[in-house]
Every structure is written in C-alpha cells, then in structure tokens.
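So the sequences go chain by chain: A and B.
Counted the way the numbering used here counts, the first sequence spans residues 1 to 347.
Counted the way the numbering used here counts, the second sequence spans residues 1 to 280.
Among the clues, some could well be false.
Quick list of simulated restraints, FRET-style, between CB atoms [stated by the list, open to error]:
1) A/His241 x B/Phe91: 42 to 50 Å
2) A/Gly168 x B/Trp173: 51 to 59 Å
3) A/Phe69 x B/Ala9: 53 to 61 Å
4) A/Ala74 x B/Val99: 57 to 65 Å
5) B/Thr11 x A/Ser319: 53 to 61 Å
6) B/Arg90 x A/Asp210: 26 to 34 Å
7) B/Thr11 x A/Phe69: 36 to 44 Å
8) B/Phe86 x A/Ser29: 22 to 30 Å
9) B/Ser3 x A/Asn314: 28 to 36 Å
10) B/Met83 x A/Ala88: 50 to 58 Å
11) B/Arg90 x A/Gly121: 24 to 32 Å
12) A/Gly17 x B/Arg90: 37 to 45 Å
13) A/Gly179 x B/Arg156: 17 to 25 Å
14) A/Phe69 x B/Arg156: 20 to 28 Å
For the record, the hints were derived by calculation from the structure and aren't laboratory data.
Owing to the predicted nature of the structure, the values given are computational and were not obtained by experimental measurement.
Don't be surprised by glycine CBs; every beta carbon is placed ideally from N, CA and C.
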Amino acid sequence: MATLAPTAADTEAAAGGAPAVRLTGIRRSYGAVVAVAGVDLAIGAGEFFTLLGPSGSGKTTTLRVIAGFERPDAGRVELQGVDVTHVAPSQRAVNTVFQDYALFPHMTVAENVEYGLRVKGMRRRDRRVRAETMLERVRLPGLGDRKPVQLSGGQRQRVALARAIVNGPPVLLLDEPLGALDLKLRQEMQIFLKALQQDLGITFVYVTHDQEEALTMSDRMAVFNEGRIEQVGTPADVYEHPQTEFVAGFVGVSNILEREGRRITIRPEKIRMSDEAAGEGEAGTIRSVVYVGMVTRYVVGLDSGGELVVVRQNLETSSQDALSEQGKRVRLSWRPEHTYEIGKEGT
Amino acid sequence: MESRATRLALTVWSALVVLFLWIPLALIMVYAFNKSNVEGWPISGFTTHWFHAAWTSEVRTSLWLSVRVGLIATGLALVLGSMAAFGVARFRFFGREAVSFLLVLPIALPGIVTGIALNSAFVAGNINLSTWTIVTGHATFCVVVVYNNVLARLRRSSPSLIEASQDLGADGWQTFRFIVWPVLSTALVAGGLLAFALSFDEVIVTTFTAGAQNTLPLLILGYIRLGQQLPVVNVIAFAMILLTSIPVLLAQRLTRDTGVLRPGAAEVTEAVETAQATAY
Numbered sequence: 001m002a003t004l005a006p007t008a009a010d011t012e013a014a015a016g017g018a019p020a021v022r023l024t025g026i027r028r029s030y031g032a033v034v035a036v037a038g039v040d041l042a043i044g045a046g047e048f049f050t051l052l053g054p055s056g057s058g059k060t061t062t063l064r065v066i067a068g069f070e071r072p073d074a075g076r077v078e079l080q081g082v083d084v085t086h087v088a089p090s091q092r093a094v095n096t097v098f099q100d101y102a103l104f105p106h107m108t109v110a111e112n113v114e115y116g117l118r119v120k121g122m123r124r125r126d127r128r129v130r131a132e133t134m135l136e137r138v139r140l141p142g143l144g145d146r147k148p149v150q151l152s153g154g155q156r157q158r159v160a161l162a163r164a165i166v167n168g169p170p171v172l173l174l175d176e177p178l179g180a181l182d183l184k185l186r187q188e189m190q191i192f193l194k195a196l197q198q199d200l201g202i203t204f205v206y207v208t209h210d211q212e213e214a215l216t217m218s219d220r221m222a223v224f225n226e227g228r229i230e231q232v233g234t235p236a237d238v239y240e241h242p243q244t245e246f247v248a249g250f251v252g253v254s255n256i257l258e259r260e261g262r263r264i265t266i267r268p269e270k271i272r273m274s275d276e277a278a279g280e281g282e283a284g285t286i287r288s289v290v291y292v293g294m295v296t297r298y299v300v301g302l303d304s305g306g307e308l309v310v311v312r313q314n315l316e317t318s319s320q321d322a323l324s325e326q327g328k329r330v331r332l333s334w335r336p337e338h339t340y341e342i343g344k345e346g347t
Numbered sequence: 001m002e003s004r005a006t007r008l009a010l011t012v013w014s015a016l017v018v019l020f021l022w023i024p025l026a027l028i029m030v031y032a033f034n035k036s037n038v039e040g041w042p043i044s045g046f047t048t049h050w051f052h053a054a055w056t057s058e059v060r061t062s063l064w065l066s067v068r069v070g071l072i073a074t075g076l077a078l079v080l081g082s083m084a085a086f087g088v089a090r091f092r093f094f095g096r097e098a099v100s101f102l103l104v105l106p107i108a109l110p111g112i113v114t115g116i117a118l119n120s121a122f123v124a125g126n127i128n129l130s131t132w133t134i135v136t137g138h139a140t141f142c143v144v145v146v147y148n149n150v151l152a153r154l155r156r157s158s159p160s161l162i163e164a165s166q167d168l169g170a171d172g173w174q175t176f177r178f179i180v181w182p183v184l185s186t187a188l189v190a191g192g193l194l195a196f197a198l199s200f201d202e203v204i205v206t207t208f209t210a211g212a213q214n215t216l217p218l219l220i221l222g223y224i225r226l227g228q229q230l231p232v233v234n235v236i237a238f239a240m241i242l243l244t245s246i247p248v249l250l251a252q253r254l255t256r257d258t259g260v261l262r263p264g265a266a267e268v269t270e271a272v273e274t275a276q277a278t279a280y
C-alpha cells in the first residue's frame, strides 16, 4: 500500500486548509497493463513535490490524471479540496509543462505565451504586456517575435514554462521538463526552477526519473514503482531512511547486506574503510576501483558474504594511488545509526 | 573547395538540364502563335487567331467539366482523406495497417486496372456513366494524396499540442480554430492542390468512367488522334502551362516569406514535386 508520510498532515495543517492536490485510490490501466495501481497522495500548497520513479512506474500517468488528460478507472482527484475527477482539463486550475514542450509551431513565442489569456478573452494589448513580463521572468526578453523553431532547446523549455505560469495557476505540473537538455543546462535549470517556485509561491508537481534531480529540488518526493508509491518523504528522509529495497536501490546506490536474517542498507559515504590491521569492522577485499574525479568508488567483497560500495573523497589520493588499491585487504566499519533495516521488496 | 573548372562544368550541366526540360514546352508555346495550321519549323508567321478559335463551346464544356470533376473529387478527398488520416494516426484498432494499405494501393495500381475495375462495377451495378462516375474514379487516387499529406503532418506534429491547448483553458472549438486547423491547413492545401492537379490531367481512369462527356484531356486526346485542331491543342497547352505555374510560384513565394522554411510551404513544394513524380 501507499505510504503517507506524517509530514503530509503537517503541511496540510500549515497551509490552513485542504491540500493543493489530493489523490485518493487512483487506478488506471490500459487493457491488461496496469499503469497506476492505487495511489494516495496529498500535496501541500506551495510545495515542490517530485514524483520519482523509473519509466513505466506510473508517475507520468499520475501527473496526467491530475491534469485531467487521463480519467482514472477508480479513485478521486481533488484540487484545493474540490473534487475535479470528472472535470475537463480546460476547467482545472492547473497548467502543464510538457516533456516535448508542445509549443504551437505556427505561433510566435509571444503568441504561445499569450494563448491561455487569449482563449480567456483578455484584450490583445493587456496580454501582450503580461506575456512580455513573463518572458523577462524566464530570462527571454525580446524574443517574443521569434518562432519556436528558431529557438534552442533550453529557450523552448523556458517558453513552455512562461506559457504555463502566465495563467497564474495555483499548481504547476512539470513532466520531465529537463529530460532533453544537456547536463550543464539541466543543472542551471534546476536552480532556476527551484528559485522560480519559491518566488511564485505556488505548488510544483514535478515528474522525473533522475534521483539526483529529485533530491536537489524537492521539498518532498514520492518514489514510484510498478504503479504504486513505495515511499513519500523529504529528500533527506528518503535517502537516509529508505523503507523498501526498491527505494534503497533507486535513490542512491543499493548497498544491502544480510546479517543474522535482517536486511540492512548503508549509504556508501557512511562507510569507513581502513587497513586490515585496524582490527575493527568487517574484513574484505577490494574487488574493483573506479576513479570518478572528485571521489573514488570501491566495491568491496566481504568475507562474511555480500558486497558493499564504498565512496571516498580524493582528499590526498591521486588516481594512481586509488587504482593500485585493487585486491587490497581492508576492513569496513560503520556506525549502527547509519544502517537501516528494510523490509523485503513489496511489503 | 570547388575549383573554377568544376563550377563551370556544373553551370553548363545545369543549363543543359533546364534546356532539356524547357525546349519542348517552349516549342509548343511558340506553336500556339503559328500562322499555319501545319506544325513546322520555323513558324510561318505570327497570329493570335487560334486563341479565338480555341474558345469554342466544345472546349468550354470540356474545361468546365474538368474543373467541376476536379473540384468535387478534391472536396471529397479532403473530407474522406483527412478523416482516414485522423483515424489511422490517433487510434489503434484492429485492421489499422490494412486500412492504410487499402487506401494507398489505388495510386500504385496502374490506372488502366482501376479504370476497368470501376467500369465493370458500374456496369454490374446498372449505373449510367456520368459526371459522378468520373468523380468516383478520380476520388480513388485523390483521397490517397490528401490522406498521405495529412497523415505525414499528424505524425510530425506533437500529439500533446491539443492537450496543451486544453490545458491552457481552450474549449473544443477554440482548440480546433487556433491549433488543429492552422497546423493542418497547409497540409490540406498541399494535398488539395495535388489532388486537383492529378484529377485535372487524368486520362486513363476517365476513359473508362466517362460516358458521352469529354473532359479536357479526353478532348485533347481526341483532337490529336483525329489529327485535327492541332493549333487549338497548342493553345490549350499554352494556357495549361501558365495555369500550372501558379501553384509552383506560390509555393516558392511561401518558402521565401520569412527567410525561414515554413513547414507548410515546404510541403506545398514537396507536393508539387511529388505530383510530377507520381502522376505517371
């Protein structure tokens, strides 16, 4: 079953009313394929909330249910406490940034941004001004007369953003908006989006498969797997206290050991690696060494069974030193409070 | 870098290709002003007499029939072709591939097969050959042309455009007027132009589906077969060359418009080019 973190209730109380988005018992299948198999979720007003999961885990379908593009087979969708399960997308107080941006190719950038205001009947002069303000806000001043084909990927992304927020929605839905951008631009946009969200003070529901992105940006996140939510919590919570094996593996590096019938997980950076002579901790052999610039990653096979990934900062180590450590005997130790017991998968 | 010699060779070669394409056309255009009614070079004198002679009721009737058939067949094709394209592009259903195949086949089939088949069907169904049987014959290949154009456009445009419009608060009519129609219109114009062009010069299928009536191509064919009225044929050809250059010029104007290749304009050019390729 889906897990509601205790913080959900707190956020709700803090917002002084109904959550911005509440999903109850959402199910959606396509023929024999179950995309969403019972999702319960409450997203507080003003939260940056991320739906994280691998492809096919149901996160995008869940977002589309909130937007209204998908009718759930069962369950209820509420926005600001109002049941909108059977309300058309055009009548819902949410706007979406699409994965492929979905900019209207025959319109200029300004016309794209103005579209929501135009269909609501705002006068041309007024919406021109609003659109230009929005374009400045997403740092694209003066590009209003261009066509979308004349823009770069990053610029199109920001036009899509401006087009969505110009309508002043209380909830903005973002479907893997940074997926098509290169790493540097993506990192810039992560910071920009987070700042924008705080500035606007509205709820962002953000879909991604990138765990780093989720950890960087979210106030809270839900980890999806096979149509269900495995865990909901703050990034620190989810990273440090994974409740299931899936979460432990998907968010961060899977480091799972079986000791005395218990399955525990330890984050790689929490493990201390010392010489075998230290006499403290579990003994093992370094099986492989990967030098990744800032840190070095070791895979250590333990004598009492199992394998752990250990990460060490390259404080005084060169790549030469690091790579020569392969096959070395070491001892691994960790503090008991850094290990977490996890249930078997699916429980 | 290309040397001067290559540039020269390319220029000469291009000139030869252009000449090869244009000499026959130029010749027939000159013949339209030939004083003699016997074709021979050089022409014996200059006259515009044949232009008056060509404006007979026979030619006018045929021209009007061709225009009518072309317009009706194109209209039918626009409706049926775009509906079929929508169905195939947006929905998955049993026999979808078969529908696509069945629709596209008539354009690949030799016209003579389509013609005979239609003729047999009309006879078997006791249907008298009329304007409508010609329209039916032409619609078989006109539908394909529109279908292909619209389908290509739908496949190339993001399916989330419609969702984006709804998401921004547009109702069904606004979405159609502001998004669906503008995105598809150039594909429809291109498909329509091409369909009309194909219908307008169709001979083979028309031969089997026309009764006593003559479309313009059938009339020309008749004139040539009898060896009479050749100067009139030249005049008609002259007029046709001028007429058909309009959509081509239009397409090029559209492409030049903003300095950017507009998707629609490219498609018109593309359509005009494939028209010539697929017509025969």
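Hint-by-hint comparison with the structure:
1. A/His241 and B/Phe91 have their C-beta atoms about 46 Å apart, which keeps the hinted 42 to 50 Å range intact.
2. The hinted range of 51 to 59 Å is not satisfied by A/Gly168 and B/Trp173, whose Cβ atoms lie roughly 24 Å apart.
3. Separation of A/Phe69 from B/Ala9 is about 58 Å and conforms to the stated range, judged on CB atoms against 53 to 61 Å.
4. At roughly 34 Å, the beta carbons of A/Ala74 and B/Val99 sit outside the given window of 57 to 65 Å.
5. Roughly 59 Å separates the CB atoms of B/Thr11 and A/Ser319, a value that falls within the hinted 53 to 61 Å.
6. Between B/Arg90 and A/Asp210 the CB atoms are about 31 Å apart, so this pair conforms to the stated range of 26 to 34 Å.
7. Look at B/Thr11 against A/Phe69: about 56 Å separates their beta carbons, and that is not inside 36 to 44 Å.
8. As the Cβ distance of B/Phe86 to A/Ser29 is approximately 26 Å, the hint placing it in 22 to 30 Å holds.
9. The hinted range of 28 to 36 Å is not satisfied by B/Ser3 and A/Asn314, whose Cβ atoms lie roughly 56 Å apart.
10. A C-beta distance of roughly 24 Å is found between B/Met83 and A/Ala88, which places it outside the suggested range of 50 to 58 Å.
11. For the hinted restraint 24 to 32 Å between B/Arg90 and A/Gly121, the CB-CB distance of approximately 29 Å keeps it satisfied.
12. Evaluation of the 37 to 45 Å hint for A/Gly17 and B/Arg90 yields a pass: the beta carbon distance comes to about 40 Å.
13. For the hinted restraint 17 to 25 Å between A/Gly179 and B/Arg156, the CB-CB distance of approximately 20 Å keeps it satisfied.
14. Against the hinted window of 20 to 28 Å, the Cβ-Cβ separation of A/Phe69 and B/Arg156 comes to about 21 Å, which satisfies the hint.
In this structure, the earlier hints numbered 2, 4, 7, 9, 10 are contradicted, and the remaining ones agree with it.
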